[in-house]
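Visitor: Sequence:
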Amino acid sequence: MKLGINAAFSGQKPVSATLFTNEVGRRLSLMEQATTVFAPYPLWKAGDYRLVQTPEDISGPLNVLNSLSRLMFNNTILPYLLKEYAIDVLFCPNTEFPVVTTTPIVVTVYDLNPVHAQAEFGLIGQYFRSYLEKLAQEHIEVITMSEFIKNELVREFNLNIDKIHVIGVAVDTHFFKPVSAETKLEFIKSKDINSPYIMYFGTLFPYKNLKTLLKAFFEVCDRIPHKLVIIGERDHYDGELPEDERLIYIDSVTTEEHPMWYSASDIFIEPSLSEGSGMKLLEAMASGVPVISSNNEALYETGKDIALFFKGEDAVTLAKLILMVARDNDYRCDMIAKGLEYAKNCTWEKTAESIYSICEGAYKKKCLLS
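Going by this note's numbering, the first residue of the sequence shown is number 7, and it counts up by one from there.
Be aware that one or more of the hints could be misleading.
[Said to hold, decoys possible] Subject to a maximum C-alpha distance of 25 angstroms in a straight line, what follows is the list of computed SDA-like cross-link-like pairs (lysine to any residue):
#, residue 1, residue 2
1, Lys217, Ser280
2, Lys310, Thr179
3, Lys140, Leu375
4, Lys156, Leu138
5, Lys169, Lys372
6, Lys156, Ile130
7, Lys221, Gly245
8, Lys350, Asn335
9, Lys310, Val172
10, Lys217, Leu329
11, Lys183, Ile256
12, Lys195, Asp250
13, Lys51, Asp94
14, Lys156, Asp311
15, Lys156, Leu129
16, Lys195, Pro184
17, Lys8, Ala92
18, Lys140, Ser65
19, Lys156, Ser136
20, Lys8, Lys140
21, Lys370, Ile167
Everything labelled a hint here was simulated from the structure, so no lab data went into it.
Take the sequences, apply the hints, and build the full model.
Guide: What follows is the structure in structure tokens.
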């Protein structure tokens, strides 16, 4: 089976889709030597794969210009490349794919936020919806990371439930891992934080519910020594972000430093009202960090009995949970131990094997119909 991977969107920032592509892609290329990767630059070193370079200026952020450029590429140049390199199955690690090909395709859907959060995504929401509406085609299989998104796709887009495969979330425990107290302290000092910190990492769109996190933090900040580190582009925030010496805003971090920001934190908080998976929860657990999360269904699927949960906009409960984790060292250590044990079993190898099996199924299905 000649496998193709459409990674034309991959940029340099450590966003979930790029991390997923790199982790799964390099393992797939080890499993299937006849792998062709369509990408703007080499994404990983492992595996004997063929790189077909795509234009760099169509990669990166999910904005209108990049998305329209990729739409053109996916439906003009890519179908031609699939024929030229005799690709049997195309794996798309995001929700962009050629709609004018009969090559079997396996498409990844992370969440439906661009469709649901029209105010934040604007025209991108319509662009995203146009792809989702084409997932019903016979030659397309769909993967999601949660039962929640699977059910949403069935409910909103009337997809056949049998063509949607839930692969769960995974983490690289060699990359995301606990560090010593000394290493943690050195990192904190190097960033001029100089105190323990609680971390939020993600976009600052309204549905990310940062206002509830800020409200809860200000409720307890005089009773704990922690600062709140918020990593995400401030331009996406709806309104004016408060300024305070205990708040640290960072627009972005490098891929290399990404895991260290987790490992050096005391608590990771995910307040989002709408997510497609709990990948960040798992990254924090693997880093030896207690997790507090909103009870969004997809997040709960990942956190289960390990994270602490609060109802979306309940800042009072969130404040109480922050105090409990920050003050009760025994409880905190128990959360850390359970999180590390859970993360150990969520490997990218398992995820890649599942995806490879789905790709094989799509290929065999086409062979039977031919």
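Visitor: If you test the structure against every hint from before, which numbers come out violated?
Guide: none
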